[in-house]
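Trainee: Since the structure of chain V is provided, determine the placement of chain R on it from the hints.
Protein chains: 2
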Amino acid sequence: MDLAVEDGVVLTPEGVVEADVGVDDGVVRVVGDVEDADQRLDASGCVVTPGLVNSHTHAAMTLFRGYADDMPLDTWLEEHIWPIESGLDGDDVEKGTRLAALEMIEGGTTCFADMYFEMDRVADVVEDSGMKALLGYGAITVGKDEDEAREEFMQGVEFAREHHGNADGRVRAMVTPHAPYTCSTEVLEEAAKVAQDEGFVLHTHLSETREEVEDSVEEHGETPARRLDDLGFWRPEGYVAHGVHLDEDELELLAENDVAVAHCPSANAKLASGIAPVADALDADVDVCLGTDGPASNNDLDLWEEARLAALLAKAREFDAAAVPAETAVEMATENGSRALGFDAGRVEEGRPADLAVVDLESAHLTPCHSVVSNLVYSANAGDVRHTVVDGEVVMEDGRVETLDAEAVKAEAEEAAVELAEEAEG
Amino acid sequence: MDLAVEDGVVLTPEGVVEADVGVDDGVVRVVGDVEDADQRLDASGCVVTPGLVNSHTHAAMTLFRGYADDMPLDTWLEEHIWPIESGLDGDDVEKGTRLAALEMIEGGTTCFADMYFEMDRVADVVEDSGMKALLGYGAITVGKDEDEAREEFMQGVEFAREHHGNADGRVRAMVTPHAPYTCSTEVLEEAAKVAQDEGFVLHTHLSETREEVEDSVEEHGETPARRLDDLGFWRPEGYVAHGVHLDEDELELLAENDVAVAHCPSANAKLASGIAPVADALDADVDVCLGTDGPASNNDLDLWEEARLAALLAKAREFDAAAVPAETAVEMATENGSRALGFDAGRVEEGRPADLAVVDLESAHLTPCHSVVSNLVYSANAGDVRHTVVDGEVVMEDGRVETLDAEAVKAEAEEAAVELAEEAEG
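Residue numbers (my numbering), protein chains in the order written: chain V, 1 to 426; chain R, 1 to 426.
Rather than coming from a laboratory, the hints here were simulated on the basis of the structure. Treat the hints with care, as some may be off.
Listed next, the stretches of chain R that the computed footprint assigns to chain V, with coverage defined by at least 3 CB atoms under 8 angstroms from CB atoms of chain V [said to hold, decoys possible]:
#1 97-109
#2 156-167
#3 188-195
#4 263-271
Idealized CB from N, CA, C, for every residue including glycine.
Excised from the complex, chain V in its bound form (with noise of 0.2 angstroms):
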């Protein structure tokens, strides 16, 4: 074997066993006795949990967090976001990407979504930190004429064309019109023919705010989720951000259509969107996967936290203590976001990618561990990480990550946020 993660208990599909896993290649090749490896990782006390995918993020907006809180949305973006986004060079996208793998590896996430701009130096943050992502330029055509909308929308189909398999296919492309209110009709048509064309996966934000819907009946005359179904806009390998405000027939819409939804807790409670009907899209049979979205709006890349968070919220929501139990928030955050994104892991098991987080339960806050699974979702933390690997590369070890220069990180993207900030206010 390439790799042995030793001596922790290992949560399978199955349930927590006892177990080595065995890597070759990349792939789990053994979960039970591994005798011989070329490299060996110390799980003791440990549980190997499969790697946790982000299914919804704008990363480079790590330079943002804690930039603005605690205001309503608009003056959010219109006055904070919007200006300060404004200065923003490839330069800085990289920079503010690069943190945000740092934290996502710390954090044992293997694998996010990102939808956003100058997305070529997104793959190379990608390619370098060992991570698997989907990749998608983030086009709006609001407020553009025709020609502006169409060579906005190719720089997306570009993008995805030239980027999607590459990193030995741990960058794969999404094609991505913003949002139905901030794409024409048009491009929102084009966008769904190119990716079945061309077999991309299919994103955009949905029905994050009840101020969308409202537009959506006032302008179009139906909601956000019936204007995409009258458009044709569903594919299999697609899926949606937030979807705070549909009803049960618009889940039935996405479930019939094999459309997922990345559900992103933290940010809809944050920016006052509301809370999601998870426990409802699941019974709906939606999958559900689980995003931070950007930091600015999160202020982190905890998957764990989310995934607390959307079994907390459910159970709010709907007055139902059962709603939401622990291994569906995990699933959530790993095999369900795996299979949105159009990556095969999500999973320990036989033939899986090896994409794996090694969470320490030794701590005080996870003693003691009555159900590995409830302390992970309840109690853990991004922190309580100690390995993280993706395709069978150790990518952190014992907290120090392996493929980036944390120190140097850090100080390039505080650096690159308060020149922004100076400009934004300048």
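Mentor: Chain R in isolation, oriented as in the chain V frame:
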């Protein structure tokens, strides 16, 4: 000076300043430059905050962390928690509370309020651990005859008389009838009288669930809050836990009577009790502090997480992104709690007891630092705390708790928890 906390920034009532904190005789004497000190604590790259106050918990229930989750409240209590709790003895309570103290100190919590039984064992842990606490025996008289009820109640009164002011004032005692629905009218009235006459804090659970409110209306003809009002229960040195289902008039009642509310957002969500009207409470000038509730319904003792959830859930509940800003969440977790519990800490300023948490700001998930307060509330966790100080004594330095043997505490708690589970499952 006895102690200098050096080279960090300090969260003061006037904002964040670059300063050392000088401590003498357990009291903050200087927030500024400190020249000479017997002991020095390195706070470079850190923020010095007031020690966190966990205003409502049942600490020994750490032993049941993760023992039963994701089920309706009645199943959870009747089929799982009560059976395992019935096996608890004083040794178990001590072991569970010791584990809780370890976890709290690790997370920067310096003070907590505990309502449980075998409270003399809890007081021993407070004394040993160096923490501060407000302790009360949770008297339950439902199903008891008059003599038994009196005996149960007096057990709490005697505990309070014996322990109030012990451990150089680090232990304070309260009178704690468990809840309006578990105590007779006579005991509720008597508790208020004893608290008034003898100067104890008065604390109880109030309006945690819809059912509790509906049952009270059915049985007593009025809601629990109005019933307590009619009974003359309110004391300025009094506060209630939860308050999830309080209407605006009831919040006014609490405000008029200077009764604070310990908001427990994680536990209220996890047990599907709902989301408390915190924004309304603040609008009504109710003092709101924060509690984790018992770790079996949370499942940890991370006050930074409660502060974040208080801010996030208020925003989601009210569809108002400006509800409960980060600054307010910090006040709830620090000075509001200290005031409710009858301690005079909760702020880093000259003349206050030196109860401090020193939080490392240099991790990836806390970079960049546009706002210290935002990063604390929206991005930090218990794991980011580097040092903890109570009354000027360093109880944790560089993540190593000085007052407790962490490995022994965890091992003993794990062993007790496993035995209790085996007994309960027979």
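Trainee: Is the listed coverage of the segment 97-109 of chain R by chain V valid when you require three or more residues with a beta carbon under 8 angstroms from a beta carbon of that chain?
Mentor: Since 5 is at least three, the answer is holds.
Trainee: Three or more residues of the segment 156-167 of chain R near chain V by CB distance under 8 angstroms?
Mentor: violated (count 0)
Trainee: Counting residues of the segment 188-195 of chain R that have a beta-carbon nearer than 8 angstroms to any beta-carbon of chain V, does the count reach 3?
Mentor: violated (count 0)
Trainee: Examine the segment 263-271 of chain R for residues whose CB is less than 8 angstroms from any CB of chain V, and state whether their number is three or more.
Mentor: holds (count 5)
In this structure, the hints that do not hold are numbers 2 and 3, in rising order.
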